[in-house]
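The residues making up each chain are set out below.
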Amino acid sequence: MEELANGLSKIGNAFAAVAIVLAILLIVFFLASRAKGRAQGPIAGVVFLGPAVLLLIYGLVVPAVRTTAGSFQDASGKNFVGLANFGWIFTAPGNSTFLINTVLWIIIAPVLSTALGLTLALLLDRMKRESISKSLIFMPMAISFVGAGIIWGLVYEYRDPAQPQVGLLSQVAMWLGFDNPPNWLLWQPFNNFLLMIIMIWIQVGFAMVVLSAAIKAIPSDVIEASELDGATGWKQFSKVTIPMIRGTLIVVLTTIMIAVLKIFDIVRTMTNGNFGTQVVANEMYAQSFVAFDVGRGSALAVVLFLGVTPIIIYNVIQLRKERSVR
Amino acid sequence: MSVEAHEFVSLPSNLPEETIPEAARRRLSSPWASFVVIVITVLWTIPTLGLLITSIRPKEEAQNTGWWTFFTDPTATLSNYSEVLTGGSVIPGGITPYFFNSIAIAIPATVFALVIACMAAYALAWIPFKGSTVIFFAIFALQVVPLQMALLPLLQMFNKGWSLGPIPIFPDLNKAGSAQSLFAGTYIPLWIAHTMFALPIAIFLLHNFIGQLPRELMEAARVDGASHFLIFRKLILPLSVPAIASFAIFEFLWVWNDLLVALTFAGGTPDVAPVTAYLANIKGTYGAQLHLITAGAFIAIVIPLIVFFALQRFFVRGLLAGSVKG
Amino acid sequence: MSASMRRRGAALLVGGVAASMLLAACGGSSSSSESTAAASAAPAASVAAGCEAYAAYGTFDGAKVSVFTSILPPEQQKFEDAWKQFETCTGIDIVYEGSDQFEAQLPTRIAGGNAPDIAFIPQPGLLAKLVQAGGPVAAPQSVVDNVDKYWNPAWKNYGTVDGTFYAAPLGSNMKSFVWYSPKKFAEWGITVPTTWDELFAASDKIAKAGVKPWCGGIESGGATGWPATDWLEQIVLRQSGGDVYDKWVSHEITFQSPEITKAMDTLAAWMKNPAYVNGGFGDVKTIATTAFQDAGGPILKGDCAMLQQASFYANFWENFKPGTTIAEDGDVYAFYLPAIDDAVAPNPVVGGGEFVTAFADRPEVAAAQTFLSSAEFATAKAALGTWVSANSGVPLDTYANPIDKLSAQYLTDPNGTFRFDASDLMPAAVGAGAEWKEMTAWFAEDKPTKDVLAAIDAAWPAS
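Chains as they are written, first to last, in the numbering used here: chain X, 1 to 326; chain Z, 1 to 326; chain B, 1 to 463.
Calculated from the structure, these hints are not laboratory results. In this text, all values refer to a predicted model and were calculated from it rather than measured experimentally. Ideal Cβ placement from N, Cα and C applies to all residues, glycine included. One or more of the hints may lead you astray.
[Said to hold, decoys possible] Where chain B lies over chain X, by a calculated footprint (3+ residues, C-beta under 8 Å):
1. 140-147
2. 258-267
3. 287-294
4. 300-310
[What the hints assert, rightly or not] Here are a few chain Z residues that face chain B, going by a calculated C-beta distance under 7 Å:
5. Gly88
6. Thr96
7. Leu152
8. Leu155
9. Asn159
10. Leu263
11. Gly267
12. Pro270
[Stated by the list, open to error] In silico DSSO-like cross-links for lysine-lysine, where the CA-CA straight-line distance does not exceed 30 Å:
13. Lys450/B <-> Lys129/B
14. Lys129/B <-> Lys149/B
15. Lys247/B <-> Lys129/B
16. Lys183/B <-> Lys405/B
17. Lys129/B <-> Lys78/X
18. Lys78/X <-> Lys10/X
19. Lys405/B <-> Lys149/B
20. Lys450/B <-> Lys78/X
21. Lys235/X <-> Lys216/X
22. Lys64/B <-> Lys84/B
23. Lys405/B <-> Lys208/B
24. Lys64/B <-> Lys10/X
25. Lys64/B <-> Lys208/B
26. Lys130/Z <-> Lys234/Z
27. Lys59/Z <-> Lys205/B
28. Lys208/B <-> Lys160/Z
29. Lys216/X <-> Lys239/X
30. Lys160/Z <-> Lys36/X
31. Lys10/X <-> Lys84/B
32. Lys156/B <-> Lys301/B
33. Lys59/Z <-> Lys183/B
34. Lys149/B <-> Lys84/B
35. Lys321/X <-> Lys130/Z
36. Lys59/Z <-> Lys301/B
37. Lys84/B <-> Lys183/B
38. Lys78/X <-> Lys216/X
39. Lys321/B <-> Lys205/B
40. Lys156/B <-> Lys447/B
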């Protein structure tokens, strides 16, 4: 009972905080809206944009600058070492593993998630009762990485074939007649793909829901016109559907790519980067928070920034095109 | 972190009311498509089903046999759940206080991020000023900053203040004569941190939506002499409900599933830590307590699932910009 | 290996209150810093009943002391029970926070200006690192007095950085144990080995009987690999002695040196020997994917004969099978991992432990620190079971559990060759980084010994 009362009072406080912030905003709105004439626009701009810009500068811009500066420093973050940390990243023996793995992750996981999501979206479009499937496929998105780690542990767990199996994958392999299934997480290089499957499991729902919405939004007259022209099946898909949802496809792909590049939770919980499964983001975490090497950790973060940058630039170009059309 | 980078797709808001006619849909629906979808749905659900089943099995069975043997040897118990909820011989404290903490963390964090992002999105879309495009792209690009690198600088800001040389940029909030920040024991730093990390994505999404509301509507309101503040409150917010709801799902899921940010800014004691901290703790302490970990993990995903299913309707509508019937 | 300290799954022993009865009347030496306390010690006459022993600490009504540690429930409850009376009598509220992210969180919080008042640090290497960066405050005289009085100077040394003493030891782990099933040993006709050669003669005999004699698991989440570093340390100390061990810790002897290479070869013939491992789990490689918490399970089923693990493993047996008895004639018991050469290292023992480090010098923090270093606290905590302290003020008969008693005997043995866990003494980049990773690769990928050792040496920080 006391726990309940405590809990409820915490939630009450949370709502009070929300109310206070909203009240302050309303007062600011009221005061600012009394401005007249030419000052109105600039004042509104500052009030509306100010909080976000301030928070972003404090929360992301300054840390990004500091991290970049840190990447040129040694482990203690006190002495300038030039490009030594970057030299270490690209030349130290063993580091090629996480560089290659990260490239594999960025290509394979987003492409497969998007392709599977698109397939599902197309098939769902032809189904009557789609909502149950949609919800179930989307469900993994609601699960934390701690939870996902436990769930997939129950799939990939290895036991001696003579013992009762606990891992689903081994059991299925044995039902299919493989007497001695491999120790999945040790099974290089395929263990990387087994980890990617977890990411795909989480992301397909997202891709599916977004792409399904985009497909439904294709104006019916476009579809009908194409059908009058005799386009059906694959032809309709490649000549009509894909071009119509191209923008959406790019955004979905980009989004998953950025998520994948920054991902470290899956690798951290499943293998901790052992057995040849390390990726840049997890190495960054390990260097920064386990080895306390400020320089290398920051340099790896900078490699991540730079890795994402082409994707961002490509998207900005796309967005500009869209904006100019509008 | 899975949902962190999910932006949304810009879709035209002036879509025709109807999409593919019902007749066409029925013609297109095929048993083959349904079959494939059902197979994928089953595959996608099995791992989570394994979690659910393991969580209701007695300890011995859960540890030594695969969860699928439940179907041939169905022994079920709810004692795992009662032990996790209220504490038992193995874990002295239950998950309940953590549960309330998670709610008290997630609700304000979601609301603050949404409000501030909406305001910024409105300013960038409808208040014309020089450089708005540049700011928009800059915010979009901030997604590349790995949040792990922002943790330490932010923590320093909250506890020690920040100054650039002699100029204080953020005040030192320490109470005189004590090493405790004014924020100590509150969720304020945590809410602020979550808000900061969510902004790039939130602004990007909401800008896409708000920017595509009909121009005539805004202009008519301006002609009538409505201030930006009035337009924002009376037009933008009500019209953006679907987009706000869909982002609310993602932000809520993200904050709910976070562990790292919460541990850094609030700590791990039962009076402040979220459910994920409790899960990590049982996982850390009891390598062999599979029955408890799975029960805890399932409890932890219940609320996100409820939120998801409750807001799902809006979610799809948000993506479709109101063009498809609920 | 810090992880070893935190993973203690065990049934809770009841009787926290009873523990306080064991407290001796002596309240520790009075502290100089206490005299500067804002709150004044209550006069002896008005001390509440049961609080006589705590009068020397003073009273601090409403004061809070935060403790941050990697030790999680249910062990947490025993700590809270052990200092409950102290809290009642002094008015200090000790706020306990355990996290499995301790090693990553602590430096972040210190650098971020949010340091706890006290942290239980399991790695002297981490302590040294923190002192360099600034944060820990030197221990008050009262703590120094307690440590001088109750601990072997070696332990004091682990809490000392650059000549300044910071942290008093708390709990201790005896790592040189081999767990086995006495019943199965009797079945196989084997007596407990007392020399290294007997140990392996027994292993061969069990292997001939068709059972893999050894099992092991080094999977431990973010700390995967630590049990393997413990195995290596056992051999280095036994084979080459304390001096080499110390030089290895300080990197005067590298991992690629003949001594460490030889130890690796010995380990390869033991835990990487396909005829010996991995009982109940599969081939050698499964050592890398088996959770150390699960590793002992096959011993109870007879699929494996022996597991080299620390004293705290006593907590795990109940998990495998409720009602498992730990005794010389019970379901499971442990024997001392024999010496290799008494001339090189007599009675070698590798151990671990936590160190109570303060980050604030408020009087109530000093009082709590002093209490935690006292024989009274150690005795109260030890009486709650499955916990050992190297504090010589704890009477041996306080330990109810035979393994605890045995551990305490070895840890306080004046003739023994005691050394602290080497990986915990080394810089984190090696001791919590490269060494874990490379040892894991050695088992999982059969990475050549030469490459493993070279990679660990390469990770040693330059400064």
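Taking the hints in turn, this is what the structure says about them:
1. 140-147: Violated, because only 0 residues of the region 140-147 of chain X bring their Cβ atoms closer than 8 Å to Cβ atoms of chain B.
2. 258-267: violated (count 0)
3. 287-294: Our answer is that it holds, as 5 residues pass the Cβ test (under 8 Å) against chain B, meeting three.
4. 300-310: violated (count 0)
5. Gly88: violated (10 Å)
6. Thr96: violated (15 Å)
7. Leu152: holds (6 Å)
8. Leu155: holds (3 Å)
9. Asn159: holds (3 Å)
10. Leu263: holds (6 Å)
11. Gly267: Gly267/Z check passes; min Cβ-Cβ to chain B is 6 Å, inside 7 Å.
12. Pro270: Violated, because the Cβ-Cβ distance from Pro270/Z to chain B comes to roughly 9 Å (cut-off 7 Å).
13. Lys450/B <-> Lys129/B: At roughly 29 Å apart (the allowed maximum being 30 Å), Lys129/B and Lys450/B satisfy the hint.
14. Lys129/B <-> Lys149/B: holds (27 Å)
15. Lys247/B <-> Lys129/B: Holds. Lys247/B to Lys129/B sits at ~19 Å (cutoff 30 Å).
16. Lys183/B <-> Lys405/B: holds (22 Å)
17. Lys129/B <-> Lys78/X: holds (14 Å)
18. Lys78/X <-> Lys10/X: violated (42 Å)
19. Lys405/B <-> Lys149/B: holds (21 Å)
20. Lys450/B <-> Lys78/X: violated (34 Å)
21. Lys235/X <-> Lys216/X: holds (18 Å)
22. Lys64/B <-> Lys84/B: With Cα atoms ~13 Å apart, Lys64/B and Lys84/B stay inside 30 Å; holds.
23. Lys405/B <-> Lys208/B: Given pair Lys405/B, Lys208/B is violated - Cα atoms ~34 Å apart, limit 30 Å.
24. Lys64/B <-> Lys10/X: It holds: about 21 Å lies between the C-alpha atoms, which stays within 30 Å.
25. Lys64/B <-> Lys208/B: Violated, at roughly 61 Å.
26. Lys130/Z <-> Lys234/Z: This hinted pair holds, its Cα atoms lying about 26 Å apart.
27. Lys59/Z <-> Lys205/B: Roughly 35 Å separates the two Cα atoms, so the pair is violated.
28. Lys208/B <-> Lys160/Z: violated (66 Å)
29. Lys216/X <-> Lys239/X: Cα-Cα ~16 Å, so holds.
30. Lys160/Z <-> Lys36/X: violated (40 Å)
31. Lys10/X <-> Lys84/B: Cα-Cα ~27 Å, so holds.
32. Lys156/B <-> Lys301/B: violated (42 Å)
33. Lys59/Z <-> Lys183/B: holds (25 Å)
34. Lys149/B <-> Lys84/B: With Cα atoms ~24 Å apart, Lys149/B and Lys84/B stay inside 30 Å; holds.
35. Lys321/X <-> Lys130/Z: holds (19 Å)
36. Lys59/Z <-> Lys301/B: Answer holds: Lys59/Z to Lys301/B is near 17 Å, not above 30 Å.
37. Lys84/B <-> Lys183/B: violated (41 Å)
38. Lys78/X <-> Lys216/X: Not OK: Lys78/X and Lys216/X at ~56 Å, beyond 30 Å, violated.
39. Lys321/B <-> Lys205/B: holds (27 Å)
40. Lys156/B <-> Lys447/B: Given that 30 Å is the threshold and the Cα spacing comes to 38 Å, the pair is violated.
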